[in-house]
Every structure is written in structure tokens, then in C-alpha cells.
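Participant: Protein chains in written order, with the numbering used here: chain A, 1 to 326; chain B, 327 to 658; chain C, 659 to 990; chain D, 991 to 1480.
Don't take every hint at face value.
What the hints assert, rightly or not - Quick list of in silico lysine to aspartate or glutamate cross-link-like pairs, EDC-like style, CA-CA up to 16 angstroms:
{"hint": "1", "chain 1": "A", "residue 1": "Lys186", "chain 2": "C", "residue 2": "Glu964"}
{"hint": "2", "chain 1": "A", "residue 1": "Lys221", "chain 2": "C", "residue 2": "Glu823"}
{"hint": "3", "chain 1": "A", "residue 1": "Lys202", "chain 2": "A", "residue 2": "Glu181"}
{"hint": "4", "chain 1": "A", "residue 1": "Lys111", "chain 2": "B", "residue 2": "Glu491"}
{"hint": "5", "chain 1": "B", "residue 1": "Lys484", "chain 2": "A", "residue 2": "Glu181"}
{"hint": "6", "chain 1": "D", "residue 1": "Lys1371", "chain 2": "D", "residue 2": "Glu1191"}
{"hint": "7", "chain 1": "B", "residue 1": "Lys484", "chain 2": "A", "residue 2": "Asp157"}
{"hint": "8", "chain 1": "D", "residue 1": "Lys1415", "chain 2": "D", "residue 2": "Glu1220"}
{"hint": "9", "chain 1": "D", "residue 1": "Lys1018", "chain 2": "D", "residue 2": "Glu1220"}
{"hint": "10", "chain 1": "C", "residue 1": "Lys959", "chain 2": "A", "residue 2": "Glu177"}
{"hint": "11", "chain 1": "B", "residue 1": "Lys484", "chain 2": "C", "residue 2": "Glu823"}
These are computed hints drawn from the structure, not numbers from a lab.
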Amino acid sequence: STESGSSPSAAASGATGGKIGIDHPRADSDFWNSYIKYIPQMATELKVDLMNSTNSQNDVAKLVANTQALVSQGAKVMVMAPQDTGAIASTLQQLENKKIPVVTVDTRPDKGKVYMVVRADNRAYGTKACEFLGEKLGGKGKVVELMGALSSVNGRDRAEAFRECMKTKFPGITVFEEPTEWDGGKAASMLQTRLEQNPDVKGIYMHAGGVHLAPTLQVLKAKNMLVAPEDAKHVFVVSNDGIPQEFEAIRKGEIDATVSQPADLYAKYALYYAKAAAEGKTFKPGPTDHDSTIIQLPNGLEDQLPAPLVTKENVDDPNLWGNQVK
Amino acid sequence: MTTSTTPSAPTAVSAAGPRLRLTRFRDLTLVPVIVLLLVVGAFVDPVFLTPGNLTNVLQQQSALALVVLAEALILIAGKFDLSLESTVGMAPAITVLLIPAASGGMGLLAIPICLLIGAAIGAFNGFLILKFQLSAFVVTLAMLIVVHGLHLGLTGGKSLFELPESLLYLGSATWLGLPAAIWIAGVLFAVGIVTLGYFRVGRSLYAIGGNADAARAAGIRVERVVWTVFIIGGALAALAGILETGRLGGISANQGVGWIFMVFAAAVIGGVSMDGGKGTIFGALTGVLVIGLVENILTLKGVPGEWKQLVYGVIILVALMISRVAGGKAQD
Amino acid sequence: MTTSTTPSAPTAVSAAGPRLRLTRFRDLTLVPVIVLLLVVGAFVDPVFLTPGNLTNVLQQQSALALVVLAEALILIAGKFDLSLESTVGMAPAITVLLIPAASGGMGLLAIPICLLIGAAIGAFNGFLILKFQLSAFVVTLAMLIVVHGLHLGLTGGKSLFELPESLLYLGSATWLGLPAAIWIAGVLFAVGIVTLGYFRVGRSLYAIGGNADAARAAGIRVERVVWTVFIIGGALAALAGILETGRLGGISANQGVGWIFMVFAAAVIGGVSMDGGKGTIFGALTGVLVIGLVENILTLKGVPGEWKQLVYGVIILVALMISRVAGGKAQD
Amino acid sequence: MKNHVEARNIVKRFGPTVALNGAGISIKEGDTHALVGRNGAGKSTLVSILTGLQRPDEGEVLFSGEAAPPLADRDAWRRRVACVYQKSTIIPELSVAENLFLNRQTAGGPIKWKALRARAREVLETYQVDIDADVLAGDLGVEQRQLVEIARALSFGATFIILDEPTAQLDGPAIERLFERMRALREQGVTMMFISHHLDEVYEICQSVSVFRDARHIRTAEIDDLPHDELVSAMTGEATATYTYRSRTAGTGVVLAAKGLSLTGRYEAVDLTVRSGEIVGLAGSGSSGKVGLAETLVGLRRPDKGVVSVNGTPIKDVPSALKAGLGFVPQDRHHEGFVPLLSIAENATIPIAHKLGRFGFVSPASRRARAVEMIKDLDIKTEGPDQPVGDLSGGNAQKVVLARALADDPKALVVINPTAGVDVKAKQSLLGAVEDAVERGAGAVLVSDELDDLRVCDRVLVMFHGRVVKDVPRGWSDHELVAVMEGIEQ
Ligand SMILES: Nc1ncnc2c1ncn2[C@@H]1O[C@H](COP(=O)(O)OP(=O)(O)OP(=O)(O)O)[C@@H](O)[C@H]1O
Ligand SMILES: Nc1ncnc2c1ncn2[C@@H]1O[C@H](COP(=O)(O)OP(=O)(O)OP(=O)(O)O)[C@@H](O)[C@H]1O
Ligand SMILES: [Mg+2]
Ligand SMILES: [Mg+2]
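Sequences and hints are given; from them, build the entire structure.
Facilitator: Shown next as C-alpha cells:
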């Protein structure tokens, strides 16, 4: 009963392989909204037979339900982005039993077989931010880290790498970790309080520009701390995501850097590998033709896409996804 | 309500006649809605009516259904419990911390321990509400934060996925071709329906929710029954946590978070009143099914994520109005 | 039945004396808690008692405070509104869609339009509750989902950054050395305190919440007043949204989400009853302050993230017990 | 004859309130014994102790000379004593059958609903209660509910029954039917304790009487040994004269008029005029439509047909009626009379709040001043105008409701069941206040189930099945009026 109803788009585009089911993780975040927008565009480019996408609204239980529905509607390959990597194990197991390959985007499931993980290295984000801030601050001073939610693996990866790097490379720097639950209001309150307590904070690391950028700028502005990098009072800010607003802020000198998490490449390679899976292709660890490396995981492969650090020097690079959206 | 009252005697007060008949069918209010959803679903996607898909819907709803069952019991007894949603995540998580996956024979203790934790939370809620005479809404609102806080604190916010087998079993096993979770939820609902319909202790919930003083005068040990209901509610939430854990294969720090809204929506559109003493377990079950079917149809239809919540909310609002109009009486 | 039993005998009158006096001071219950928090805070960090930090606390709480004010009004009138939290995000977001940043002179309309949207949501809630006679809890639960769903759907889930200046102004301006948000919240609370204390329309909220039928029989236009309260509540939530938008410099799709728990916690520990007719605006204000101070102290102390929620929940629970013990009467 | 029930030296405190202070009672086997006392004297508290709902702080309860069972053993209590409590213990959401067998639907195992209904029908038949066992108790009227309570009380086979103010909500014929039943029970040897504020009922049905005052037992006597005056002074602690009805002449101005008023299902084609300086009574048996009519006169209900005008101004709702110069006391003070948490001052001044300050402001000082006046005028027993009305006794709370009706010096006054559940003395001052207002030039409509109340009226309109069937001038006899109310005589 699963092969009923061939999709008209498949016939039109002459796609091969099989139907690809895709679940989006949430509809309320700028990064993911960009990703979601890239998907149909990339699907046309790659001639992928994409089913109606579902959205699990940041709820792993919904992700499981959506996956089941897509599979019963005939999906041969699944693309998903489980925001919670522990609770997806049995679903991956079931998909494996049904011989349905899975491509995960952005997160690496702890358990259960995956065909390919498409993500940038979140630990690298943390390290890059740490190195940038460490150098700018000359290895001493105070830094506030606006973290995401404790339950997010990407947030934890960034936090751990940042913490480790600070400890080993810049022991002179004090880090204040603020768990914001991805909530702009909480971030603003915590940053404001921390700045009151420590007016000599010289650096800020934000885990998510989409959530943290506006409140941070607003707090700094209110405290008259939003000054040019040349000014001695300047607070160095490193963000993460690479949304256009961050680039704008870099150009204005309000923040100093961001890690561009490539929404376009996430979309492109998620579908690229999904199509390859449908066609039965296999991949091996090693460098790829698109400036990335595939590494071996215990439960599959991971293509670690490049996530460049964007600063005033390269902010106008047209290849950055943030410069392509309008 | 009262599954029992059949109008038979010709002496029935004329005014009471039609109203009686309506109330009797009140817990069937949502049945036409369910039929409608089944028809709509069949048109939306041919997959919808396949046994596989319907089984999936039931399995997906089974954990939520247990929490709705718990909340329905508590609501019928005239109380309130918001903290159930936190118990769904916290009870299995703490169990895993107490009994790690590698603990061998101890693993068999996982389920009883998990249920005990849930029961303990319910007992503490009951203690604060009954002995301290605090408002149930407020106590359990605070407890919702406290219990989830404990979960976050003890796990450090991390997902747990090295779980004892026994904790995974119920949520993932298949019995006689159906997921065990469906059997479990089905049996517990049946027990609930029968107990509340045909047993003294079950009927006493209606008496307590309807008029606690009168129940007390009739010799019902109101405090004891209410406390027991809170304890059972906590244990059911913990069981829901076990089913969810098995289904997902891991426990995230967010397990259960936000469920309480759906739980209330399901119970209330199913005809359980917020004022106590009204509604049936069967009605609550139809509420759960409506919610599950709506979700499934929206998914099959591929409604874009950003519009899904709106469609969902509007459907709940409409179901509410239908159950209001069909139910007859004003709510308060 | 005539439940007319209450004392006229001298024995009983003696009892009413102290009770009366207690109720009068009930809205001061949290004042000692606030003093305690100030002392604790001073020990935790020398920065705590500086004007700068205290100003920050007030500013951070001002948007929440307005929603608490709205909820307190609605609760005193004997109703319920859960959907306020969704209005906090939705009203300014829709405003921005209607009046983009680059719309020039139209920008001045942003604030009135935003308030109108909030008022319209309140009016719709009131309509469903009063005309359709649906339970306020349930209607506004569904509306919470619908309103947030509209926000998500119309913005496509995106954060809005390009905002008209006028929408940013109130939340970020400084008047006479204090953030404008503090002035606004302060003035509105003062208006609320005076109106509910000394004005006919304000007193009528207590009459309606205490006994709506009696209020109606005394010539109060109950429906009209309740409806007005819902509309004012919606507008206040929209104003809270404006302040929050200005403070954060953008509107995320999650603005306001989850606030309602804090709102109820603040109102209830401040002595506003869920049963209607009880509590004061001043009490609600003390509830907001307690929550703000607790949050500030936890941040200053640097309590690790994973334990924060637990500490927070426990403090609310303790504050509840204090206000229960000090307030005297059992809640229900 | 030996004592069937005895309570000795009972002390019961509720926090600082002493509800019973060494009070006691003893009731002889087969007696119908009255317990009387003013509001708050401790009668209902004694009931809850005699039925095992509350534990006395001191003292003991004996049944036929034996110590009472432990509190936890509810069934043992219920075999000894059955009770119709002052507050209804019917659960509206459950069927009559289930209410009858609450918490004993079955001896064990699952409930057999069919058998339960059959048993319920049997019980109802045994006690000659004509109610369908299947309907929801909430759909029953007041009298029917009370009958269910009585049937339930009796079905335990107890030989001692307590009835706490059973007549407060019943009309004349229903009370008569209740008394029939009580007499029949007495024939069967059942002992009863009867509480009422209607002393004539006590004389009609009881053999002996105990008087409580201020939480103490004052006196017990055979009913024949205690004349009315002595009984009242035992209750009040002072000599109280019987109420003297005043006479007056009506003025010419019409203050309240209704033309062709109809409300489907309640009343039909009613015309009514009330002149200043007269009190018009509105009488009728249960469901005659008198309350519905009165509620229309004040704007609480909208008629299907016809107009009501106050002082010549047509009214459409309560606010417009109040504005036109109407004052009224609603049927049930707890339901729509007052807001329990608000103070006396505030409750009494809601309709005149706009006169206590400008621009919507209400001056607490002038509000207080007005309240102090009212407290003095109506002799309300309170510690001050700031006391919440919920803390007052029934009679005093009712005076506050009347004070509110009189607050704006109304031209027309509508008073519904003003003396329900109110003790003798409070009753007198309530009726006196209505007469005072009328002497000041108002016209009044007084709706009541009590003939005593109707005696202050200059004429009584009798309603039957929703129509005004007769206008009875002053000077009627009880018998005469009741006959009209019952539709026996036109
Ligand atoms: N549960 C309670 N808590 C506090 N006080 C109570 C309680 N029950 C009764 N009281 C008080 O005890 C006193 C006696 O009340 P009780 O109900 O026995 O009076 P009563 O004689 O029955 O009056 P009525 O004629 O109005 O029914 C009153 O002052 C009453 O307020
Ligand atoms: N809320 C209601 N809805 C529908 N019918 C009602 C309602 N209240 C009363 N009735 C019915 O309307 C009729 C007239 O009632 P009304 O209360 O006016 O009579 P009454 O003479 O005051 O009776 P009683 O003395 O029993 O209070 C009765 O048949 C009654 O059952
Ligand atoms: Mg009494
Ligand atoms: Mg009546």
C-alpha cells in the first residue's frame, strides 16, 4: 500500500530514485526559516522528488509522528533535523529496519544508524569564537556567553568547546555563562544584570544571532557601550548563525564577527545525499569536492561543511548565504 | 454525564425529559466530529485510513492519553494538576539516574521505581493542597516548575539515551500485532471507564467533585480519595513518561514540556468540566482521539509549519463550540 | 437553602475583629518577603543594591508587570485570560506587517494600531465567553494557540528586525533618568490602584468577581464591564509587547511564549485569588517585584543554569506558603 | 419515656468563634422536638455534632443512653441519625437514584444500575415521593430535592431524624405536605428534631422545644408550657412585643405600573399599579409566577410582552429602573443580594456610588458616613461599616440588602421574600423598615410565601398558574387567602 500515488512533480522533473520525505525542525527561528526556504529551490536544482514537507515544531515526539506519516505515505529516504538527539534513537532503528536511509541535518544522533549527517562542526564554532575573542582581548578580561537551551546538543557543543578553549588557551579570561533558553528577553535581562555587576566586560559570545543579536545591541546601546572597535570602551561581540542582520551589524562595527552556519549548504547537501541514498550510492570518509570532509561516525558518516568566521574583512563575500537572501 | 441514567419511567418531569436525553449523550458529542475527521482524512490522503496509519495515530497519542486520563480523574474530583507534564519527563529521567542501563538485574526495578516517583510527586501535591489548604491550580503551577527544575538540575539538561531495557520495553514492544502502548492505554481507559461508571470508589469522584460537603456527609472519605487520585494521577503521568521514553528511545530534557495545554484541551473538548463532578473518561478519550486525528491529517496534508498552529487552534476552538452547543449548558 | 448562618452574637463579633484587620493587610503580605530579598541580595553581591541594578530589575519586569496588571484585573472580575501571552508577541508583530519600518509618517500610527489589535483580541475573547457562554479558561486556552498561530503564520516564523521607530521608542527611551518603561508601568499601576480602590467602575470589578448576580441586581452592567476588562487586558498585553519589543530591538516568533506561568505566579503570590473578587493591584505589583528580584539575585549569584529553575520554583512555592499563612484563609 | 438522644456540655469553637459553649439537648423517644434560636445561636453546629460530621471540642453525645460511635464509622452514625441539613447535600450532577444511595450504591462489586434504579423507585414509593429516579437531581425543584433528601434520610432506617430549617424555602402547601409526612413518621415512633425560625410551625408540629441563645442552652420546655411571648423573649433575651401592623392611606401618584406583561412559561397578561403610600402584596403558591413577575418589575427579566414603568419612566433593565427611582430586595440574598467579601458600606452604597463623589470617584469618607446612617436607621448589628457582609448573620445581611434598596430614597420598592431564614426580631425590623419607607411616600410591592409578611400589605394580589386571579383587600383571614392561592376559590 505504500507505493500508491506517484507524485506529479516526480513525473514533471524526471527525478529518479524515490520519494524523499523531509521534516523541518521548527518554524520560529530565522536560521531554520532560511533553510526551509532553500529546500524547494535546491530540490528543483537537484531534481529531487520531494514530498510535502512536515514541521515538528521543535518537538521530538512530533518528529516521530511526522516520520511515521511520511513513511506511510511512501517516503524512501528521510531528511530530518532532530533538535533532540537522544530521543530519536528508536525512530532511527525503525527506519533502519524498514531500510529507509536517513540524512540528518545540523545534529548528529547519538544512537541509531544514519546514512549521512550534514552539519558544520558546532564545536568548531565554539573554538573559533573563543580564539577570536581571546586574541582581541589579549588573553585577559571578562566575557559573557549567551548560551542557548541546556537541552540543545548544538548549544552544548558550542559551550563546551568554548569553555575548553578558554581554559586551555586563555586562562586569564573569566567567562560568565548565561543560559537563555533561546529567549531574547531572558538574554537581555541577564546581559544587563551582568554588565551592571561587571562594567568591565569586554567580550560577548552569542550562541544564536537570530535570538541574541537584537537584545544584545539594545542593551549595549542603552549602556552607551555600542562604540566603534577603535574606541577603548568597545565590547567585542562574536555571534553565530550568519543571518543578514548580523552582517549588517558587522558592517556598522556594532559586532565584530559571526560564524556563518551555511543554511544554503545544509539544504543543498541534505537533498544531495538524500538523492544519492535513494539511488543507492555510497560514500567514504575523506575530503569532498565541496571544501568539506566526510568523517566516520560509529553510526554513519558525517559531512562537515565549512562554516567560515565572518569579520569586517570578508563580510561582503557574495558566497556567504547571508548575503544571498533578500 | 452519568453513563447510567436512562430515561424510562413515564413519570419523568416533562421539562427534565429532553435535557436528560442530551446529557446522557453528552460524552458522545465528539463522536460525529471523529466521524467527520475520518471522512476528511480519507479525502486528504489515501494512506489515512490504512490500518498502519491509524495504528500510528493511536500509538502516538497513547502517552498523552494517559496524562489526559490522569487529568480527567483529577478534574472530575474537582481539583487541578498542572505538574503532570513535568512528571512525564522527570520520573523516567530520575529513574535512569538511579538505575543506569548497565545495572543488570536491577533493571527490572526501573518501571516500579519510575511509577513510585510519579506517585510521590502526586502525593506531595495532594499534601500541599489538602493539608496546607493551598489552591490546587497554584500549587501545581509551582510544582510544574519545581519538578521540571529537578529534572534539568539532575540531568544537567542533557538527553539520556543509555536506558535500562525494561524502561524501553513497554513503549516499543508489539503485542499481538499492535504496539504495547495502545494495549496499555486501552486497558487503563477501560479500567477508568468501568471504575468511574460502575464502582463505588469511582462514583465517589463525581460526588466529591459535585459537592464535597455532601460527599463527606455521605461517608465518603473525601481527603483520602482526593489524595489517592493525585497519587494515581502522578503514577499515570510517570507511566506516560515510560511509554514516551520507549517510543522515542531516549529522554530529552523537554519530554512532556508543553503537554498540559493539549491535555486540558483534550479533556475539555471531551466534555470534562473544569468545575468538577462532570464528564466521563470515555468523553476524555474522544477528546484525545480528535486531537490525534487532527494532528495526523495536518501532517499528511503537509500544512506548512508556520500555519499549523493556527489551523490546530481554530479546530480546537470549533470543537469547543460544538461540544458547548451539543452539551447544552453554559460553562463557567 | 438559607445558608444564612453568620454571627450577630457577641461571641462571634469578637472573632471578626482580627480577621478583618488581617484581610486589610493582606496585600502587604509580600512586603516582608521583598525586604528579605533585598537583604539577601545585598549579601549576595554589592552591586545588587545600586540604583543601576534596581533600575534594571524594574525595567526588565515592566513588560511582564503590565501583563500581570491585565491578568489581575481580569482575575478580580472573576474571569481568566491565558491568551495574553500570545498577544504580547502577536500584536506588535502584526503591527509591523501592517506598517513597515519604511512607511514614514504612518509610523506614528504603530502604537495605536498595536493597542487596537490587542484590544480586538480581548474583545473577541469577551465575545466568546459572554455571548457564547464558554468557559473563560478553555476559550482563552484555545485563543492562546490561535493568536500565536496567527503570529507564526503571518510572519512565517521569522523574527522582525526592521521596526518603525515609534514602536521601538517606548521600550528603549529614557525619561528623567529612568527608562520610559518604568514610568509607563508605574503610572498604569498607580492608575490601577486608584481606580480599583476609589472609583465606581473599579469597585464594580470586585462586586462582579465576588458575586456577579448580586452585582447585576445592584445595577452594575456586568457584561459590559467584564467585556471592557477583557479589552483593556488585551490592550495592556499589546502595550507590554511594545515595551518588550523596544527593550529587545526586535520581535522574535517566541515573544511572550511561556509568560503566562510567570504572570499567574506573580498575581497569585501577590494575593489575587483565582476565584475572583479578591486581591489588589498593589498586591499583584509586589508579586511581580518578588519574581524580578529572585531572578536578578539568581543571575548575580551565577546559579548554574540547570539548577536555576528548581531554585526559582522552590522560592515561588515558599512565597505561596508565606502568603497563605499570612493571608489566613484557605484557598480553593 | 427515656431520652432517645442526648448531648451534654458541648463546646465547639471555630478559631476564635465559640459556636457552642457548654450547650446541651435531650430529646425524648418519639418526640418531635423544636430547636429555636436567633441566627448564629449555634443550632446548625449542634446538628453537625449530632450527626457525627464534626467532633465537639468538649462534651458527649448519647443515643438511647449509649455513647455515640466513632466519627470514622459513618454508617453507624447513619443508622442512628438521619438528617436534612440546612445546606443541600444533593449532588446536582448525579441522578436521583444515585443521590438516594450515595456511597452505598452496592454492597461490593460493580454497581448494578438497573437494580439500583429499582431500589430507588421502591424507596421513593415507600415514602410516597413522586419523582422519577432517573432524572438528574439538579433538574429538580427545591421541594422535590428536599423530598429526595428526606427519603434518603429515612431509607437508612434511622429512628431519629433532624430537619434543619426545612421550611425556609418551601411555600405553604409544600410545608403542609411536609408536616403531613412528619406526623405520619411520628405515628411510626420516629423521633425528630425540627429547626425553624417560624414559631407558628413550631407550635403546630412539635411537642417540646429547646431554646439556644449566644451558643448556650437557655431553656427546654413542653410546647404547651411556653407561650409565644415567653418563647420569643427566651430567644432574644429581652421582652419583645408582637409586631403591630400600621395602617395608612395610599396617595394618588402611581409609582410603579405594568401593562399587559407576559413572560412565556412564567406569567401572563399581568396588569398592576402601585400608588405611593401603599404596599401591594404578591402571593401565590410555588411556581405561581410571582417571583418571575417581581423580577420583571425591577428589570432583572425582560418580558415578552408589555411594559413596566417606574414613576412614569419605562424601564428596560436594572440600571434604568434604579435610575427611575426604584429600590429592590432580590429573592435570595446569597445568590444575588450581596457580595460577601465587600464591606457593609460598599454593598449598601453600590446603587448610589455616583452620588458619593464626582467623575466616578467614590469618596470612602462619604460612603462610610452614609453607611453609618443606614446602620443606625435599620439597627444593623455590626462592629462597623467596614465589616464584610459575609461575616454578618442572616438577618443582618438581609438588613444590608434592604439598606441598599432604601439607599436612594426610592419612590418604588420591590421586596421579594425579605424574611426568609431570618429570626423573629430581625423580621420585625425588616418589615418595619419597609413600612417606614412607604410612610415616607414610596409605593411598595412585597412578594412573600409567608402570610405574616403579607399582613403589612394594604392589598394582596394573588397569583395562580401565572395569572393574577384576585385582588384581596386588607383584613383577610389565613384560610381565605390560602384558598385563593390554592385555586380553590376565586
Ligand atoms: N465551619 C465554620 N467555621 C467558622 N465558623 C463557623 C462555622 N460553622 C459555624 N460557624 C459559626 O458558628 C456560629 C454558629 O453557627 P450556626 O450555623 O450553628 O448557627 P445557626 O443557629 O444554625 O444559625 P441560622 O439560624 O442562621 O442557621 C456562627 O457564629 C457561625 O458563624
Ligand atoms: N430559571 C428558570 N428557567 C425556566 N423556568 C423557570 C426558571 N425559574 C423558574 N421557572 C419556572 O417558572 C414558573 C414560575 O416561577 P416563579 O419563580 O416565578 O414562581 P414562584 O411563584 O416564585 O414559585 P416559588 O414560590 O416556588 O419560587 C415555574 O414553573 C418555575 O418552575
Ligand atoms: Mg443554621
Ligand atoms: Mg420563587
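Participant: Could you run down the list of hints and mark each one as holding or not?
Facilitator: Here's how the hints hold up against the structure:
1. A/Lys186 <-> C/Glu964: This hinted pair holds, its Cα atoms lying about 15 angstroms apart.
2. A/Lys221 <-> C/Glu823: holds (15 angstroms)
3. A/Lys202 <-> A/Glu181: violated (23 angstroms)
4. A/Lys111 <-> B/Glu491: Holds, because 15 angstroms separates the two Cα atoms, which is no more than 16 angstroms.
5. B/Lys484 <-> A/Glu181: Distance ~14 angstroms between lysine 484 of chain B and glutamate 181 of chain A Cα, so the pair holds.
6. D/Lys1371 <-> D/Glu1191: Answer violated: lysine 1371 of chain D to glutamate 1191 of chain D is near 27 angstroms, above 16 angstroms.
7. B/Lys484 <-> A/Asp157: holds (11 angstroms)
8. D/Lys1415 <-> D/Glu1220: Roughly 14 angstroms between the alpha carbons, so the hint for lysine 1415 of chain D and glutamate 1220 of chain D holds.
9. D/Lys1018 <-> D/Glu1220: Outside the cut-off at roughly 22 angstroms; violated.
10. C/Lys959 <-> A/Glu177: Roughly 12 angstroms between the alpha carbons, so the hint for lysine 959 of chain C and glutamate 177 of chain A holds.
11. B/Lys484 <-> C/Glu823: violated (41 angstroms)
The structure fails hints 3, 6, 9 and 11 (numbered hints given earlier, in ascending order).
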